[in-house]
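Participant: Here is how the chains run, residue by residue.
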Amino acid sequence: MTINTIGCLTQVANFLKVHPGKINLNSNSLPVRVANNSTTTGFIAIIFDLLNHSNLSLGNLQDKAEIRQWLEYALVYAINCEGSSGIQQVLKELNAVLSTRTYLVTSNVSIADVVLFYILYHIIANLSYLDKERYIHVSRWYDNLQQDANLRQKNKIIDFNTNYLICVKH
Amino acid sequence: MVVVYSNENNPFTLKLLIAANYAKKEVQLKIVNSKDPAVPEPKHLPCLVFESRSLFIANASAYYLFPPSIEDENTVNEWLEWEATVLAPSIAVNFGTSTKSQSKAVLTNCFRTLNDALSSKQSISGKSITVCDVVIWSTLYPFYKDNNISGAYLVELNNLNHWLKHLENLPEFQEALNQYKITPGNAPYQILVNSAKYLISGDSGSIGN
Chain A
-12 MTINTIGCLT QVANFLKVHP GKINLNSNSL PVRVANNSTT TGFIAIIFDL
38 LNHSNLSLGN LQDKAEIRQW LEYALVYAIN CEGSSGIQQV LKELNAVLST
88 RTYLVTSNVS IADVVLFYIL YHIIANLSYL DKERYIHVSR WYDNLQQDAN
138 LRQKNKIIDF NTNYLICVKH
Chain B
3 MVVVYSNENN PFTLKLLIAA NYAKKEVQLK IVNSKDPAVP EPKHLPCLVF
53 ESRSLFIANA SAYYLFPPSI EDENTVNEWL EWEATVLAPS IAVNFGTSTK
103 SQSKAVLTNC FRTLNDALSS KQSISGKSIT VCDVVIWSTL YPFYKDNNIS
153 GAYLVELNNL NHWLKHLENL PEFQEALNQY KITPGNAPYQ ILVNSAKYLI
203 SGDSGSIGN
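Sequence lines, in order, name chains A and B. Just so we're aligned: 74 in this note's numbering is position 87 of the first sequence, and the numbers increase by one with no gaps anywhere. One gets this note's numbering by counting positions in the second sequence from 1 and adding 2 to each.
Hints are computed from structural coordinates only; laboratory data are not their basis. Here a beta-carbon is modelled for each residue, glycine too, at the ideal position from N, C-alpha and C. Some hints could be false.
[Stated by the list, open to error] In silico DSS-like pairs for lysine-lysine, Cα to Cα no more than 30 Å straight-line:
| # | chain 1 | residue 1 | chain 2 | residue 2 |
| --- | --- | --- | --- | --- |
| 1 | B | K129 | B | K167 |
| 2 | B | K199 | A | K79 |
| 3 | A | K51 | B | K199 |
| 4 | A | K51 | B | K32 |
| 5 | B | K37 | A | K51 |
| 6 | A | K79 | B | K37 |
| 7 | B | K32 | B | K167 |
| 8 | B | K45 | B | K26 |
| 9 | B | K37 | B | K199 |
| 10 | A | K51 | B | K26 |
| 11 | B | K183 | B | K26 |
| 12 | B | K27 | A | K51 |
| 13 | B | K45 | A | K79 |
| 14 | B | K45 | A | K51 |
| 15 | B | K123 | B | K106 |
| 16 | B | K123 | B | K27 |
| 17 | A | K79 | B | K32 |
| 18 | A | K51 | A | K9 |
| 19 | B | K129 | A | K51 |
[Stated by the list, open to error] Chain B is nowhere near these chain A residues, computed Cβ spacing over 10 Å in every case:
| # | residue |
| --- | --- |
| 20 | N11 |
| 21 | N23 |
| 22 | N42 |
| 23 | L43 |
| 24 | L45 |
| 25 | L114 |
| 26 | D118 |
| 27 | E120 |
[As the list claims (entries may be wrong)] Covered stretches of chain B, going by a simulated chain A footprint (3 or more residues, C-beta under 8 Å):
| # | segment |
| --- | --- |
| 28 | 53 to 66 |
| 29 | 73 to 84 |
| 30 | 87 to 97 |
Please build the complete structure, drawing on both the sequences and the hints.
Facilitator: Here it is as structure tokens:
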């Protein structure tokens, strides 16, 4: 988990074109970012900090509340899902949420989509075609996000090609 | 209209009710089970529903209802994240499942950390009560009210003991406790494990409710 947290924050900083500064973990396993002589503690606080220095909008108060929710979800659930039952639970939950919306919070990409994109990369990359079909809304959302080269960064394109051609009974 | 969907005896529901009392916002509490069609996906409870939006993460809901002042924001963010990633999962797994693993040692550390943070203070930020006091206190409440299980952990942690009692007697906390019943001991944590759908690794499982 620890390496993932710092790795994700660095990717988010690159995406936002903000200098990541120095990020370490403190004795409570929370990430600490030191940049421009100021210190920020906690994954969620660091993400908000990076956003404040970027061009990406945080939206209104309600959007911000939903973003906070997805960041905590990313940290408590998505980043910790090892083993198949955890992975299946997270994918099932995201699939249900994404069945009625294009992105997690608003009608545009928000930082919530970006953070989950990086955290879920290895899980999605290792899914079987059958699972990509089973979680079709997650696949559609992920495939859509990875078209943005700036968001994808050095990650390889994940192949979803045949998903849309096969109809699976749920 | 702001609605809180919750099952019964869920300690995280206290977070929302107390936060609403501090913010003087009226919320309507609806008791449901997580399979109720009215509960939005991903059907974690408690869930806050307002203006065709929903929040299923209790800390995000409590923060939305009762946001901190700008000067308390950093402290509050740090403690909320600690509660979400360290304290709440450890206490829920330790008292709400048959898995013991290393969560007991983690918990002892948590209580020491809190006790140190509360040294000669009535609240975590040191000034007024903020949403991080509300959230942490709510998570500890069933544990603190059961003398058998709290006794061994809380010996010599005077600051923490004092803070737990002090907050319990405040009107915003009393009002929530009168409105919504939480039993002392393990049962609320069993409900929490299932309602928050914590991922419990390996072969261990929750003992259910």
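Participant: Now, for every hint given, state plainly whether the structure supports it.
Facilitator: Comparing the hints with the structure gives:
The suggested pairing of B:K129 with B:K167 holds, with an alpha-carbon distance near 17 Å, which does not exceed 30 Å. Restraint check: the Cα-Cα separation between B:K199 and A:K79 comes to about 12 Å, which is no more than 30 Å; the hinted pair holds. For a cut-off of 30 Å, the pair hint linking A:K51 to B:K199 stands: about 23 Å separates their Cα positions. For the suggested pair A:K51 and B:K32, the alpha carbons sit about 25 Å apart, so the restraint of at most 30 Å is met.
A C-alpha spacing of about 27 Å is found between B:K37 and A:K51, which places the hinted pair at or below 30 Å, so the restraint holds. Our distance criterion of 30 Å between C-alpha atoms is met by A:K79 and B:K37, whose separation comes to about 15 Å. The suggested pairing of B:K32 with B:K167 holds, with an alpha-carbon distance near 28 Å, which does not exceed 30 Å. Pair hint B:K45 plus B:K26 holds up; C-alpha atoms about 27 Å apart against a cutoff of 30 Å.
Proposed proximity of B:K37 and B:K199 is supported: the alpha carbons are some 13 Å apart, at most 30 Å. Between the alpha carbons of A:K51 and B:K26 the distance comes to roughly 21 Å, so the proposed pair stays at or under 30 Å and holds. A hinted pair counts as satisfied when its Cα atoms are at most 30 Å apart, and B:K183 with B:K26 qualifies at roughly 21 Å. Pair hint B:K27 plus A:K51 holds up; C-alpha atoms about 19 Å apart against a cutoff of 30 Å.
Proposed proximity of B:K45 and A:K79 is supported: the alpha carbons are some 11 Å apart, at most 30 Å. Pair hint B:K45 plus A:K51 holds up; C-alpha atoms about 21 Å apart against a cutoff of 30 Å. Distance check on the hinted pair: B:K123 and B:K106 sit about 26 Å apart at the alpha-carbon level, within 30 Å; holds. For a cut-off of 30 Å, the pair hint linking B:K123 to B:K27 stands: about 27 Å separates their Cα positions.
Between the alpha carbons of A:K79 and B:K32 the distance comes to roughly 26 Å, so the proposed pair stays at or under 30 Å and holds. Between the alpha carbons of A:K51 and A:K9 the distance comes to roughly 25 Å, so the proposed pair stays at or under 30 Å and holds. A distance of roughly 25 Å separates the Cα atoms of B:K129 and A:K51; the hinted pair therefore holds under the 30 Å criterion. Residue-level check passed: A:N11 sits 15 Å from the nearest beta carbon of chain B, beyond 10 Å.
Distance to chain B confirms A:N23 as a non-interface residue, since its nearest Cβ pair spans about 15 Å, more than 10 Å. No Cβ of chain B comes within 10 Å of the Cβ of A:N42; the nearest lies about 22 Å off, and the non-interface call holds. With a least CB separation of 19 Å from chain B, A:L43 remains clear of the 10 Å interface cut-off, as annotated. Under the 10 Å C-beta cut-off, the non-interface status given to A:L45 relative to chain B holds; the minimum distance is some 14 Å.
Remark: the non-interface label on A:L114 is consistent with the geometry, its nearest Cβ contact in chain B lying 18 Å away (cut-off 10 Å). No Cβ of chain B approaches the Cβ of A:D118 within 10 Å, the least distance being about 18 Å, so the stated non-interface status holds. For A:E120, the non-interface assignment is confirmed: its Cβ lies about 20 Å from the closest Cβ of chain B, beyond the 10 Å cut-off. Check result for the segment 53 to 66 of chain B against chain A: holds, 10 residues qualifying (beta carbon to beta carbon below 8 Å, three or more required).
Only residues whose beta carbon comes within less than 8 Å of a beta carbon in chain A count, and the segment 73 to 84 of chain B has 6; three or more means the coverage holds. Note: the segment 87 to 97 of chain B has 3 residues with beta-carbon separation from chain A under 8 Å; the three-residue rule is met and the coverage holds.
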